[in-house]
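For this one, chain A is given, so just place chain B on it according to the hints.
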Amino acid sequence: MLFHFVERKWWYFLFSALLIVPGVFFLAIGGLRPGIEFKGGTLLEISFANRPDDALVKNFFTSHGHDEATIQGVAGGGVEVRTTEMLPAELASTEQGLKETFGSDTRITNSSVVSPSFSAELIQNAIKSIALASLLIVLLIAWAFRNFGWAAFRYGIAAIIALLHDAAVVLGIFAILGYFLKIEVDSLFVTAVLTIIGFSVHDTIVVFDRIRENLRLNPGEALNPVINYSIMQTLARSVITSLTVVFTLLALFLFGGFSVRNFALALLIGIVSGTYSSIFNASQIISLWQEVEDRVRHRRLAAAT
Amino acid sequence: MNRAFPWLVFLVFALSVFIDIPKHQISFPFPPSCPGVCLNLGPIQVNQEIKTHLGLDLQGGTQLLLQMNTGEIPAGQSIADYNDRARRVIDRRINGLGVSEPVIQAVGDDKILLQLPGIDDIQQANDIATKQAKLEIKIPDKDNPGQYKSLTPPLTGEHLNATYVAFDQSNQPVVHFEFTGADADRWVQLSKDFLNQPVQITLDGSQISAPVIQNVFTSGAGQISGNFTVATAKQLSNLINSGALPVSLQVIQSQRVEPTLGRQSVDRSLIAGAMGLLLVAFFMIAYYRVPGVLAVMALLYYTALAYAIFRLIPVTLTLAGIAGFILSIGMAVDANVLTFERLKEELRSGKSLRVAVEEGRKRAFPSIFYSNLATVLTAVILYLFGTGTVRGFAFTLGIGVAVSFFTAVVVTQMLLHGAIEFSSLRRRWLYGVEERTTEPPPDRHAPRPAPAL
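Sequences listed follow chains A and B, in order.
Here our numbering runs 21 ahead of the position in the first sequence, where the first position is 1.
Here our numbering runs 19 ahead of the position in the second sequence, where the first position is 1.
Among these hints, one or two may not hold up.
As the list claims (entries may be wrong) - Calculated lysine-lysine pairs in the BS3-like style (CA-CA distance at most 25 Å, straight line): (1) A:K60 / B:K130; (2) B:K150 / B:K70; (3) B:K211 / B:K168; (4) B:K253 / B:K157; (5) B:K161 / A:K149; (6) A:K203 / A:K30.
Derived by calculation from the structure, the hints in this document are not laboratory data.
Here the structure is a predicted model, which means the values were calculated and not measured.
Chain B extracted, bound-state conformation:
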């Protein structure tokens, strides 16, 4: 083994532990505010946030899965394109709310996943996601007095400048809007055609106000009044500015978790993880002695490295995800068990410790590689076909097993090679094998053991 190699392995460990520490910054050359690792060295620009991302079930909040009503999309148009536009509209609406780290994701072509951490009000979340926000100006219907009808083509809020909250003569909050382009001309024309008549301003088909036109307009500007408070006027303005949803959306799955429940789940998972690690560590040391201690050291290395990777990628940890991680701790030991069992066999067959360690490594490797591959493949399938919870589990299990492959093959071996350099650690019983003198004669009837698995 290369001389520098152990140092490299140690460096990875030190770095992992550093990343795992809850709050800190690495910044060079000292940008004023940095969320994690920030490097600014001319061509090398790094701006990586370091933080544990908790899923909604662990931090509380509301999640909606939305189904696009694809029947509304004209034939020949791309559904994915509409999905994209709908997500941008929702994104703009949420921006006005100050939610930290919302998730707005396409799920397939025709579904949208919306996660709003910290939003406890499911009605509010629903409004953000499903209010279509189609503003339309309607004119009096001559055939049905008192009713209103659409212009042909309808005059909608599709071409508006950004609206804002203003105050009218009686100091009431109103929403100020302004049509642009051809719609501005239509707006002016409309004021000529319907002078001294009411026109209706509607949002998603229901009336907000129906003011009477008192003079001919000179521009595309107008205002919506209607018993607003400043807050509701702002809400309406934000809704209009974010644009209308290109298709209507329907909630097909919703989940809302209280933050207190989430915190409880985090605590429980931490306890479960710690207990699992302790049980495995205790067992390994009791059963394998010196190699067991080394395996536990490798297991700690594994835990630190995997968690650092979760924080760096970053992986959003959910309850199922943590379950996958805890399960992978148990599975991570498998590679060590395979190696140590081989080591014992080699020692029993009369080889010296040094040779046995090397032979054990070589012969256990195919099994280890094979077993990890099988689990990673299962995880990949689960990830491809799973939704939410299943994906979280599959992802952490997959990463966990991949990392454990590294720690078992590289770290445990390195430690084992290091340990046998100490003469006090070179006694056979420390490796769970009887001293040579007490070894029973081989069973005459038994077939010879196989050299390779």
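Only chain A is shown next, with the shape it has when bound in the complex:
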């Protein structure tokens, strides 16, 4: 039995578009929220014996010169407060003030401060690592397809489109989450995206390698059946490898605690998307390319005669 991986390609492209287009929309309207690492500021996790009304907490910070403070409840009876940068002396006096206002059991369990000047450097670092990783991945693709001859170029382009697809899915979903649930992105998110890109490229290359082998072994065979067969051959490996990674990420997401949850979520989305794109998008682009090329040649021949 052969599954119609190639013949139904427009359905698979449509499915990808349905995933990506809303995400791109929310990206465009600024849905992706930079965390304090990227814009500077203070993040406090405060725990109370009895959690007071958010408005009271807000009042406290307003009266201590932090009009901009935002209060957000978290699991376990605590709140997260975001303000502009606080220096250590101010942090110490804030904790003292919180104890006086809300009772001596009030504690800042976790405080994290990044100065705006340093966050600019962190953004630069993130951009540098993305640029370097992209360069390396293009080299990796070039190297992986070194034996593909003239076709190397189209395989490379298809692999790059597949990885852009995965990056777009993750960024888009986090833009939507940022817009509606105020989820922020930090340098761990950048790390997740880079890890996903590496994973996606490798997945795609495994499929393409099979296509090349099968083309070599079956000269004269049409491209589409070969692609179908090659995807079938690598399907088990792709799905199972992703599944085991998904299992571990799911465990991290469910049990790993608050600070790695978004990280695990980003990886989870990316790995699933990477598997999808390597099975349902990458090879289909090769097929489409060939079909367009055939049609152009056909038309030219028709015009010549």
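Showing chain B alone in chain A's frame:
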């Protein structure tokens, strides 16, 4: 395969498990106190601590990232050199506090990372890191009565013997100091010039005391008094003895985590790791049967070995680092999956089990090597450009993938070769392939499968 080889593999496993056990010592020939592995065999000296190093987010404490004010450094002088000196000053200050395992690290040329496990008081951490501790003696300013001004050149605490806490006539704690060299002569001269006048002793520009000079000094010695308790006098003495920071430092990033929160995170990570391992193990056995069981054994081997390496290097484990480790468990299986899928294909094409195992290994190897290389490269980039959290993730992911390469290529293969020696384990269905008689005829339309990936 060499006969001794399986024993070597087993020895590595036994050693890993031994290192993973929480508390123990290996010492020869029995030094009195040993933090881990201690060997003293003449030319061979080993003194390696074995312990899991937890990051600040897992054990609680305060972390500061400090930016040097490079504008204060005279042109032409090395910034790295100033960084070095500043770190030594901070190191001396912390030594007086009894913090266990502080981290004082240069980050680039102009930044210093300071980690103080167990220090919950961010104000105290801030004082240690940013108080410049410049002691200076100032003289009365004739033009502005009641004000003080610096000598030219300023008389500072740069050339002092170690100060100590003493008690004056009324039994109040004071800090005793003594100038050395040329500064001692200047100190004596100063007592002649300003006899019966007050001079000001300042720390970082603010006055500690302004005693009146009552007699001409005969040495560079003096004392600072000023409503000290024994503790505050000791603090001041420690601060002066540690020396002044060569440049001022500014906190650009701070993180403080409560120890209870850290412990919760450790528990959560352990649960997540165990659940991840269980899910993967369950799936692999259900799907691959005998090879699945072998893969799970290899996975346990992998976990024990990787953790032992973390303890030996030692790698400081953070939340992100543990996430990387857990992720690498999922990725470690990939190599086994590639091998087993190949094995199935070889079996389906009609080869005997023994041949199929060998062919599967050969043909899966390039893919495995390639996939691991790609992940290690990503980890290296992340490590080079990342800071704190990202580095922790990249490091454990990188080590994890490298170790998994070893376990998949060596350990799983060894187990697989061992397993097919048992006749009861030689049935094809145990490897997820139909018995030969029920195999469907090959699809006429399908291209022939490729021999190599």
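Going down the list of hints, with the structure as the test:
1. A:K60 / B:K130: Satisfied, since the Cα-Cα distance of roughly 19 Å is no more than 25 Å.
2. B:K150 / B:K70: violated (33 Å)
3. B:K211 / B:K168: Status holds; Cα separation ~17 Å.
4. B:K253 / B:K157: holds (23 Å)
5. B:K161 / A:K149: Violated, at about 58 Å.
6. A:K203 / A:K30: violated (35 Å)
Violated hints for the displayed structure, listed by number in ascending order: 2, 5, 6.
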